[in-house]
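Chains as they are written, first to last, in our numbering: chain A, 1 to 218; chain B, 1001 to 1218; chain C, 2001 to 2218; chain D, 3001 to 3218; chain E, 4001 to 4218; chain F, 5001 to 5218; chain G, 6001 to 6218; chain H, 7001 to 7218.
If you're looking for bench data, these hints aren't it; they were derived computationally from the structure.
Even for Gly, the Cβ is constructed at its ideal location relative to N, Cα and C.
Warning: the hint list may mix true and false statements.
[As the list claims (entries may be wrong)] To give a feel for the contact side, a few chain C residues facing chain A, derived at Cβ under 8 Å:
#	residue
1	2013
2	2175
3	2193
4	2195
There are 8 protein chains.
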Amino acid sequence: MRTGVPEIILAEGKDPEDLAKIVMKALEKSGRAIISRVKSYHAEAIKKIIPSSTSVQINKKARMIVINKEDFVIEKTGGKVGIITAGTSDIPVAEEAKIIAEEMGCEVFTAYDVGVAGIHRLFPSLKEMIERNVDVLIVVAGREGTLPSVVAGMVDIPVIGVPTSIGYGLGEKGISALTAMLQACSLGLVVVNIDGGVAAGAVAALIANRVVKARGTK
Amino acid sequence: MRTGVPEIILAEGKDPEDLAKIVMKALEKSGRAIISRVKSYHAEAIKKIIPSSTSVQINKKARMIVINKEDFVIEKTGGKVGIITAGTSDIPVAEEAKIIAEEMGCEVFTAYDVGVAGIHRLFPSLKEMIERNVDVLIVVAGREGTLPSVVAGMVDIPVIGVPTSIGYGLGEKGISALTAMLQACSLGLVVVNIDGGVAAGAVAALIANRVVKARGTK
Amino acid sequence: MRTGVPEIILAEGKDPEDLAKIVMKALEKSGRAIISRVKSYHAEAIKKIIPSSTSVQINKKARMIVINKEDFVIEKTGGKVGIITAGTSDIPVAEEAKIIAEEMGCEVFTAYDVGVAGIHRLFPSLKEMIERNVDVLIVVAGREGTLPSVVAGMVDIPVIGVPTSIGYGLGEKGISALTAMLQACSLGLVVVNIDGGVAAGAVAALIANRVVKARGTK
Amino acid sequence: MRTGVPEIILAEGKDPEDLAKIVMKALEKSGRAIISRVKSYHAEAIKKIIPSSTSVQINKKARMIVINKEDFVIEKTGGKVGIITAGTSDIPVAEEAKIIAEEMGCEVFTAYDVGVAGIHRLFPSLKEMIERNVDVLIVVAGREGTLPSVVAGMVDIPVIGVPTSIGYGLGEKGISALTAMLQACSLGLVVVNIDGGVAAGAVAALIANRVVKARGTK
Amino acid sequence: MRTGVPEIILAEGKDPEDLAKIVMKALEKSGRAIISRVKSYHAEAIKKIIPSSTSVQINKKARMIVINKEDFVIEKTGGKVGIITAGTSDIPVAEEAKIIAEEMGCEVFTAYDVGVAGIHRLFPSLKEMIERNVDVLIVVAGREGTLPSVVAGMVDIPVIGVPTSIGYGLGEKGISALTAMLQACSLGLVVVNIDGGVAAGAVAALIANRVVKARGTK
Amino acid sequence: MRTGVPEIILAEGKDPEDLAKIVMKALEKSGRAIISRVKSYHAEAIKKIIPSSTSVQINKKARMIVINKEDFVIEKTGGKVGIITAGTSDIPVAEEAKIIAEEMGCEVFTAYDVGVAGIHRLFPSLKEMIERNVDVLIVVAGREGTLPSVVAGMVDIPVIGVPTSIGYGLGEKGISALTAMLQACSLGLVVVNIDGGVAAGAVAALIANRVVKARGTK
Amino acid sequence: MRTGVPEIILAEGKDPEDLAKIVMKALEKSGRAIISRVKSYHAEAIKKIIPSSTSVQINKKARMIVINKEDFVIEKTGGKVGIITAGTSDIPVAEEAKIIAEEMGCEVFTAYDVGVAGIHRLFPSLKEMIERNVDVLIVVAGREGTLPSVVAGMVDIPVIGVPTSIGYGLGEKGISALTAMLQACSLGLVVVNIDGGVAAGAVAALIANRVVKARGTK
Amino acid sequence: MRTGVPEIILAEGKDPEDLAKIVMKALEKSGRAIISRVKSYHAEAIKKIIPSSTSVQINKKARMIVINKEDFVIEKTGGKVGIITAGTSDIPVAEEAKIIAEEMGCEVFTAYDVGVAGIHRLFPSLKEMIERNVDVLIVVAGREGTLPSVVAGMVDIPVIGVPTSIGYGLGEKGISALTAMLQACSLGLVVVNIDGGVAAGAVAALIANRVVKARGTK
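If we strip away everything but chain A, and leave its shape as in the complex, we get (with noise of 0.2 Å):
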């Protein structure tokens, strides 16, 4: 059985009452419960059902909750891990991805909106956590998602790009950044579904912590 990922529950499609009780079930099995996609009746639900004892964090940007019992404690692991976005629009996917990473015990930098109208910043953020030895880059855009590609051409760390569902027109929710990052020329570069920036922290994640546990036993 694998133990590098938390169970992530995806309130998204769900029953308020039945995601409570899905709740409750991974707080007594694991002693935390991760909820993404969260709207204000599932938090409402959740929070009726779950004992005072517990500390919940909810990131509205993010639309996630993470609930831990009083003796949860977050084992840190070393691994670092990078997150850049193109704009402002596509923060809250970048946050769904560093609470996940920080849950799997990693050390999350963020650089948010140094994209296209912010490409002078952009060179600066990436330097910055290259010298910070970040073990992986995740990098978030929208519309014509080229920001990922970019990034990719100029690192020598694997990059994970995550295309948000930003744009209009021809190739909306997402779908041009999605294609431009599959169809992109720089190599080193992976892609995760549209918004999927939960499944990009998880693998993030991994990678930082395989590359810690190389570094503890050489």
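Take the given structure of chain A and dock chains B, C, D, E, F, G and H to it, following the hints.
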């Protein structure tokens, strides 16, 4: 009646004999015939029918034929068009554009294969074109189609993006490049259809010639 | 660094508070903020934060807001842009283009609802625009998107087609209009994405301003 | 049982031997066999099997074969059908329609290549057809598929649009032409599938023959 | 200029005030205004502006409004149109077609909900329509869109298929019904776009009126 | 481990040498090899490698090869499967299904070409199949794919629809037929993928054999 | 006439009043009305019209209503159907299938949420179902839609895959699940449309009842 | 400048002579040329131009050529990559990935054809790879594309899914496999484009080499 754009004869999908007749009619009417997307059997049917005194120029890469009657002279307009391609596979489409713009009287400057694999060659090429005072840029790119957006973000003249049918998997046949250009965050970019070298060349020449005419009239 | 195109802030998909901050930053940097695709909650967040001395123009049809610091003055370039719509439903997109072109210093002439239902109004409108010596035409159309191709076949200046998300059934949401414009037999036509009024206005102004600059410099 | 439409045998996708048997059966049953989308190996298989006394007409452009037993006579109905094409590449599909309408007893008038490149030829052609009192118009067009909508906006008889698989890039293979015709603002237009010459010819003849029958009965 | 088809005003996508003005203009010009795809706020804006002496008919199912000046009279042409629907959900689209055909002077016969669930009701309905001597049939169907093809295989008059946006999953929103009608093996069938009741009614009336005129003139 | 379905080897996309080895391995393991979508170069590679004592049956229409070791005997189950096709072009796919069902021990009854063109032949065919007490029906159809839905509306046994890649224009390659079957109003219909004769034959035999087993055990 | 499948009334897209009338007619004709995809306003319209002596069962999850006249009794057939879902979000569709199968006289066994997140629960669930001797399995899954293929590879009874409209980004709305099931390598799997619980329940009951009837007759 | 990924020359779409020149330039610059998607005419053009002292390795399955100057030596990094395929048709894409990873200094372990048809071979293969301590897994699969998701659910290292263009009907050409991988419920999975062996090999090597570097530096 418009006079600024010559008639371009599309060979694709035409019966060779029908095509040859259309070419002859164009020659007689205007002293010139420009034929695009020519296959070898088209070329042979045309050669059989045209009189020996005409000048025939064949551009194999561009799959184009230009036929002039002895006394046909292109009037140089002074318009200046720059053409850039991301890769070597994009050159045939760029050549199509070049021929059209030249037949419309413009001077054309080219910089091929300056995209992702050769990004260090982009800046000097662009600089040279700006210094040469080109009135408009055509940027040809396939796969993720990033280059036109990047270029449009760096210059103050209009940029015409031409997606090419290069690429594979999701977004293949130029769909990814086209949608990326349509979604581009950089303002100053317009597009033509996939592999639309002829369309790009014609509109670029219209823009450049308009500028030149203005220059003349003051 | 390019200077010819002002920064346009896209409100769509942005958190109102984030948007307001971005607007303030733009105001401080350049003395002006142009915001597109504004919803009412965006407008309210902006109104709360901007100083009373600024001039705020709201164009409801175009869903745009333009904010100027007291001392901000648009420099008239002398560039001339014509804008035509096929129907009345296309007007909001046309207005977007108009505002951008005006903010870039151009004079804009409009002729709305001259398409299929009012084709007899097309010819006099076009004639007037040509006589006024516009440098470029923006033609906005939904459904079968015929008008830009028809216009491009009749004039010797560049035409920018803007498909709108009008229509129903197969090809709805502007897909039919976009593909029709991309497939157009008439040379001299380029396109922007569906509902891309901002993109069309910016590139039209670039073309017109280029012409004017040439006129001045000789 | 319906009697107004003859059976048309679609050769495409059929084994030559199977096809030949089907043709023989049709010949015996009705004295006539009409075969569409014929490839050369189909034609050869058919020639081998049919008796020498039958009349075989092959229309290469239309890729059709019509075989009549000696005593088979088409009854002229007096119905009149007009067929127009936008370009020369649309002629094979138009010819398909023409053969079907003629085999159903109608008189057919054609005007080919009167579209965008030859719009000045459209008006006299249309005028002539109206004066000849055609009961219905078939308009065949590829690429942006504008012509049927334009024609439908100018006449008071029903128009059948036939998109052809001409075109390139986004909307290629007739998709753009089909959607444009379906989205047409002009009322009075119906469509058949891409390259559907047979379908258009049959329904046009049904309309024209209905009119004629009415004329007779009063 | 064509006179056979009245102008139909599409409310969808129009600003209520703009719409009301267009309606008034139509009323003044032709004594009648026909408005389709009307929402309640459209209806209210119209009611406010029209003079009390006009006759206003609202068909809620069809989402249409017809407004006549006192002295406006529809001239009965004697044309006969039959309309059939597969299910009850297809009735609104059928009603749209009915109103248009009636406003164009035709007599309309309807048979609703005679499709799959009530196939035993199809034969008597069809028989009655043929006996009443209708000139053309409109067949409205969603989901798999079978009915138009079935009907076209049984009658000798033209059939206009109207796909409706009924259905779910793959092929939803009428795409399945539309493609099925376009692919139909039965000759004698033409189609209009999804939910295209107005388009179907107009062309059906054109056909029926043409027949009738022929009948009169002999 | 399941035992009810034999392994079917898909030749398509396989290297001939690789295929031959896989075939030999299957022969040795189970005494039989069933190979589908065989091209001529596949067949030759297989013939070279198999021992002379094996029985090789080639069905060209179905593009299938069945190879049995001398002592291999199909156990007749008593299951009964009916297979119907709409047209003659659908026969290859029907034959694929027939071979699979027979190799799984079932008795198969067929009625080919009973669709639209021969609907009068459908009822007697269906009646005969019901009288023979078939347990399940496979109905194969292309283009508008109506037949499976029609049949499912008339029988009380399960119907498996198989769309075929017959057709043209919008919905070509079986897409129209597949969506029509998925949208079918008739209950009692399930589908397999386009041209999925093998899949249909296998599941039909599973159903029939299940019925038979039940019959035996009571 | 078929008798094996009850009529199911689809509420979706129906006017509440129309629906209520259809329900009453069904009640009178067959003593039972089964209504699917019911919205609250549908339910209210129905409640108003039905007589107090009828039994009304509402299944909110399945969005279904079943109404029986006092004397209506479902005849138990002895058929056995197993239903499995991959996740909790798939349960509403599974419940739809369950109700239909039960209304057709079958006994239904369910195992919900045994997919990826709970794969360890799949094997015991499947084992139990096989031991209970179910005749057919319905497997409901969204997103990547893997479960039906996995199950079909492990059992010797027919499996009906039901894709659900769960998922996000590319392949959302069940498209990914549907295509995965259609592409499945495992033989023994057939599919219905996305969210097609009713269709799956009906065909499963047809299969199970067929088996049972065979068992009885021997 | 990045140094971790060698330049890969894509032969597809390139003129043989152009390709040969690009290859020579790469050889001179870096002592090595890696060429993918090579056709036989490409190979011949290359053979003509390269000096005899270079080592040329051709992998026909992978359609790749690697050319080294005499003194070129790959530096072994110690990175370990595992590659798994679902079927035999997926092997060419896997071989592409293998060559790239080896050229980037990694040790590669492969297990081919362990998917659905040979699932019993999956577990021992995976176990062996984990015991060999591979840093990352590449999983190649076509059709329903299930394997990468299944594998990602069982291991604690990152998994790169590569969809292949295997399959038929709806979702063919790898679209089904790609969407299934993007929709995967298992966390720990990222994807590259269809048939993207080169992209997968490069990013896998980047991950493995990063791990190894960490191991060395501690």
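To see whether the hints hold, each was checked on the structure:
1. Against a cut-off of 8 Å between C-beta atoms, the interface hint on residue 2013 (chain C) holds, since the closest Cβ of chain A lies about 4 Å away.
2. Using the Cβ-Cβ criterion of 8 Å, the hint placing residue 2175 (chain C) at the interface with chain A is satisfied: the shortest such distance is roughly 7 Å.
3. Of the supplied interface hints, the one on residue 2193 (chain C) holds, with its beta-carbon coming within about 4 Å of a beta-carbon of chain A, less than 8 Å.
4. For residue 2195 (chain C), the shortest C-beta to C-beta distance to chain A is roughly 6 Å, which falls under 8 Å, so the interface hint holds.
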